[in-house]
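Please take these sequences and the hints and turn them into a complete structure.
Single-letter residue listing:
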Amino acid sequence: MGVPVITMDVRRVGEKTAVVDIRGEVTAACEPVLMSAYEAAGGSATSRLVLNFAGLEYMNSGGIGMLVTLLVRANRQHQELAAYGLSEHYREIFELTRLDEAITIYDSEESALNGVVR
Amino acid sequence: MPETSGTETAGPDRVASAEQIGLSAREAAAPHEVAPHGVAPRDAASWAKKVDRLEVDPREGVRGTNVAGRRLTGPVQGFGKMWQKTYRMDAGQVPPEQAIATWREHFPEFWPKGNRFAGALTGINPGDVALLDLAIGGGVKLSTGVFVLYADAESFTLMTPQGHMFAGWITFSAERDGDTTTVQAQVLMRANDPLYEVAMICGGHRKEDKFWAATLTSLGQRLGLPAPRVETRSTCVDGKRQWHHARNVWHNSMVRSVLQTLAAPFRRGKRTSTSA
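These protein sequence lines are chains A and B, in that order. Counted the way this note's numbering counts, the first sequence spans residues 1 to 118. Counted the way this note's numbering counts, the second sequence spans residues 1 to 276.
Quick caveat, the hints were computed from the structure, so don't treat them as lab data. You may find that some hints are simply not true.
Said to hold, decoys possible - If we take Cβ atoms under 10 Å as the criterion, some of the chain B residues that face chain A in the derived model are:
#: 1; residue: 59
#: 2; residue: 71
#: 3; residue: 169
Even glycine gets a Cβ: it sits at the ideal position worked out from N, Cα and C.
This is the structure we're talking about:
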């Protein structure tokens, strides 16, 4: 098992929203880091979880599988998942895998927080 | 309580580990290089280019129906419970890259008899569409396909189109595990519609387990393993059915394949009379 080359910092924005700043490589190996971030950002009070992919440097299909796992967990808690900061390449991967139908993609943090697709 | 079968089980109400769902944890150990701004990331060549609907060329030996014009379906678009199924084999001292290269190059040859995989002649590459004829009994072949979503030196992933038995992807990977190499196939799926969900419950899961165990065993034999042994683990990741996707049944390739099989003699007759 490789050492995850990733950091995920959690910021709370208001009472019901949390932003996770992802920097590095999203692979299956970073699952513990992501789930720790989810726990830190989660709780029943959080209804909207925003993933900031501006620092994403690499993602393989294991990373996409991990995001599906996160989605299942969030759905169980009736939480909405959103994303922003995706480069054109990673946005296309979200669209190709049709993950964008469950995780709404925004162009900026502002629009992600407001829930307005631009 | 998650439903489990096979040799291992998951804990109560636990979402299955993404590490298990993941395809090649070794990829995370790759050199950490930051792609300069404007330069394609190093995974760019491993991913297929975006497609909205599948396009296929006719291939010899398969019917080739139920694929052209279909959209891809992931676990998000499926109907049934979400399952993660893992089939693992100890591949001894075979280097992971060699195991995956052999698998990619000779993929159709490892399939159980009666099933056809008609892919590109060059093996498995991102963006390829392969046509499948799968034996479902009664002399009927289920015609469907798969799309190569991702491929690198240590793993490759296939994604399914509308109408396939399941919505999701299956990843084939190899990694060093201590002194030995472990080869695995891992499926993350939901049955695509209510008919398939019933079929999976009524023997479909068992049939699929046998299929991939046989495939891995064939690969093991090709890699020179004296006695390949496959370990199977199934975990229900999400016990909820997505009823809003029940209408996927419209694309059901099993129903369409049966109808196409029944209609084939009439079509042949019509062609003959037209040409006469």
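Evaluation of the provided hints:
Checking residue 59 of chain B against chain A: minimum C-beta separation of about 23 Å lies over 10 Å; hint violated. At its closest, the beta carbon of residue 71 of chain B sits 8 Å from a beta carbon of chain A; the interface hint therefore holds under the 10 Å criterion. Interface hint status for residue 169 of chain B: upheld, as the beta-carbon distance to the closest one in chain A is roughly 7 Å, under 10 Å.
Taken one by one, the earlier hints fail for this structure only at number 1.
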